[in-house]
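With the hints as extra help, turn the sequences into a complete structure.
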Amino acid sequence: MSAPIVDVNVNLSRWPLRRLRGDETAELAAMLRAAGVAEAWAGSFDGLLHKDIAGVNARLAAECRERGGGLLVPFGSVNPALPDWEEDLRRCAEEHRMAGIRLHPAYHGYKLEDPAFLKLLTLAAERRLVVELALAMEDERMMHPLLRVPAVDAAPLAAAVKETPGLRLVLLNALKGLRGEALARIVEAGEVYVEISMLEGAGCVGSLLKEVPASRVLFGSHAPLFYIESALLKLKESPLGEAELRAIREEHARRLSRRSP
Amino acid sequence: MEVWDLHCHLSGVPGRTPDERMARLIEHADRMGIARLCVFMGMEWSYDPSPEDLRRQNDDVLQALSHWHHRAFGFAYVSPRHLEASLDELKRCVRDGPMVGVKLWVAQRCSDRSVDPIVERAAELKALVFQHTWLKVTGNLPGESTPMDLADLAARHPGAPIVCGHTGGDWEVGVRAGRAHRSVSVDLGGGDPTAGFTEMAVRELGADRVVFGSDAGGRSFASQLAKVLGAAIPEDAKRRILSENLKGLLGPILSAKGVRL
Numbered sequence: 000m001s002a003p004i005v006d007v008n009v010n011l012s013r014w015p016l017r018r019l020r021g022d023e024t025a026e027l028a029a030m031l032r033a034a035g036v037a038e039a040w041a042g043s044f045d046g047l048l049h050k051d052i053a054g055v056n057a058r059l060a061a062e063c064r065e066r067g068g069g070l071l072v073p074f075g076s077v078n079p080a081l082p083d084w085e086e087d088l089r090r091c092a093e094e095h096r097m098a099g100i101r102l103h104p105a106y107h108g109y110k111l112e113d114p115a116f117l118k119l120l121t122l123a124a125e126r127r128l129v130v131e132l133a134l135a136m137e138d139e140r141m142m143h144p145l146l147r148v149p150a151v152d153a154a155p156l157a158a159a160v161k162e163t164p165g166l167r168l169v170l171l172n173a174l175k176g177l178r179g180e181a182l183a184r185i186v187e188a189g190e191v192y193v194e195i196s197m198l199e200g201a202g203c204v205g206s207l208l209k210e211v212p213a214s215r216v217l218f219g220s221h222a223p224l225f226y227i228e229s230a231l232l233k234l235k236e237s238p239l240g241e242a243e244l245r246a247i248r249e250e251h252a253r254r255l256s257r258r259s260p
Numbered sequence: 000m001e002v003w004d005l006h007c008h009l010s011g012v013p014g015r016t017p018d019e020r021m022a023r024l025i026e027h028a029d030r031m032g033i034a035r036l037c038v039f040m041g042m043e044w045s046y047d048p049s050p051e052d053l054r055r056q057n058d059d060v061l062q063a064l065s066h067w068h069h070r071a072f073g074f075a076y077v078s079p080r081h082l083e084a085s086l087d088e089l090k091r092c093v094r095d096g097p098m099v100g101v102k103l104w105v106a107q108r109c110s111d112r113s114v115d116p117i118v119e120r121a122a123e124l125k126a127l128v129f130q131h132t133w134l135k136v137t138g139n140l141p142g143e144s145t146p147m148d149l150a151d152l153a154a155r156h157p158g159a160p161i162v163c164g165h166t167g168g169d170w171e172v173g174v175r176a177g178r179a180h181r182s183v184s185v186d187l188g189g190g191d192p193t194a195g196f197t198e199m200a201v202r203e204l205g206a207d208r209v210v211f212g213s214d215a216g217g218r219s220f221a222s223q224l225a226k227v228l229g230a231a232i233p234e235d236a237k238r239r240i241l242s243e244n245l246k247g248l249l250g251p252i253l254s255a256k257g258v259r260l
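Here the protein sequences come in this chain order: E and Y. Counting along the first sequence from 1, when you hit position 159 you're at 158 in numbering that gives the first Met the number 0, and nothing is skipped either side. Counting along the second sequence from 1, when you hit position 35 you're at 34 in numbering that gives the first Met the number 0, and nothing is skipped either side.
If you are wondering where the hints come from, they were derived from the structure by calculation, not from laboratory data. These figures come from a predicted structure and were not determined experimentally. Using N, Cα and C, we set each Cβ at its ideal position, and we do this for glycine too. Since no wrong hints were added, every one of them can be taken at face value.
Under the rule of at most 30 Å between Cα atoms (straight-line distance), these lysine-lysine pairs were calculated in the DSS-like manner:
id	chain 1	residue 1	chain 2	residue 2
1	E	Lys175	E	Lys110
2	E	Lys161	E	Lys209
3	Y	Lys256	Y	Lys246
4	E	Lys175	Y	Lys135
5	E	Lys161	E	Lys118
6	E	Lys50	E	Lys110
7	E	Lys175	E	Lys209
8	E	Lys50	Y	Lys135
9	E	Lys235	Y	Lys246
10	E	Lys209	E	Lys235
11	E	Lys118	E	Lys50
12	Y	Lys135	E	Lys110
These stretches of chain Y come out as covered by chain E in the derived footprint (C-beta under 8 Å, 3 or more residues):
id	region
13	184–197
14	222–230
If you want the ones that stay clear, here's a sample from chain Y, every Cβ over 12 Å from chain E, calculated:
id	residue
15	Asp18
16	Ser65
17	Gly96
Listed below in structure tokens is the structure:
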């Protein structure tokens, strides 16, 4: 029997542009469980565009607790471009007891060298929160013409990571454009992980493992926006050993989350 | 469930020669249970290929096929900007060679009448026409067809089976654009594994007009298969999409060439 899966990239609530199978929490939890997922780190689509981030995070925590079937782990949104975002961070850590936070610079309109972003990384690291940084949500060619979101320049990340001791950073939806030396530079800068939801190419997981250490690769599906079968089948497409598979499916993420408050 | 893949390339996989790249494609296809591949375009691409380029790229595919006739089919890459050379390639690769279809990419929008002689000749040869389409909010290439261009082409050639490559990329628009034209099938390959894609295509076009293609090696076989295997559609619809529809589209030319399945 396959090892259980920790999926580090799912979202609750409504994608702004389309209804999705699994955009009701209980339904998503059931879909994930049927796919072999034992734990899923959940952000909220509401965190992309809502300005009442505190409300988004309170709902996210309640949904995970009440309808997550013991499987969903909330990762609250923090938008460092909003006033008093520090309070949102405090609530994520102290009130909701979250293991981490999720950031959406493309949707919140800041760059990765902005002082507020760098301060947020520092404060999150001090609170031992895992930081999930979503570099994209969808193919920029496919965006709604009235909701075009600029691509995030990941280049400043390597310096930001080096300057933030204790930071544990997971890059979400990053691997469509960020590969090769640019990716390696960021991963080598500190404790940085990537997940496979937007990874592409025949035998893509095997190719990725030639660029970054296996210990930095996590399972992520981007469900329910993506079919969860995509990430599942990628693990089959490349010839991976049992130990490697078990580590990507579960162990690396478990080790990462165990060190959270 | 048997799987035939309508849409593969020699790009995106490592290898110094067409033979090496084809072997890698087959290796990954085997891991995913894909029985047959359609391959088009060569080792190096260009947006507006010269006659020599077309010939060289078709030579690459012929070479790649040479050891894999029991597993793969080729489509002749042609360009309406070089009509005589393209008709010659149809003669060389399809009429007198092993290829079974025609690939039109981004040299000229297919709403332009210059495409007509190619489609007419392909129909005479019973060759399946595959036209790349994409509707990009970021802007199309000058000669890149939208799904609306393809609808225009289909209206001019109602008797010729035509595949709308990538379902127009922006598939929610692409499905609508081709809906009224019964000779148009849609190719699922080449975009993100966005949930709901296949369900909408089946709902609006019927399962008989939806064909599995991956766009490997640039895309992962896994992510693209997920669009079918993960879709909430009946098992019978999945079977048609994964192989039966393509068998039907290629049936006339395979029969004419005496190919037994």
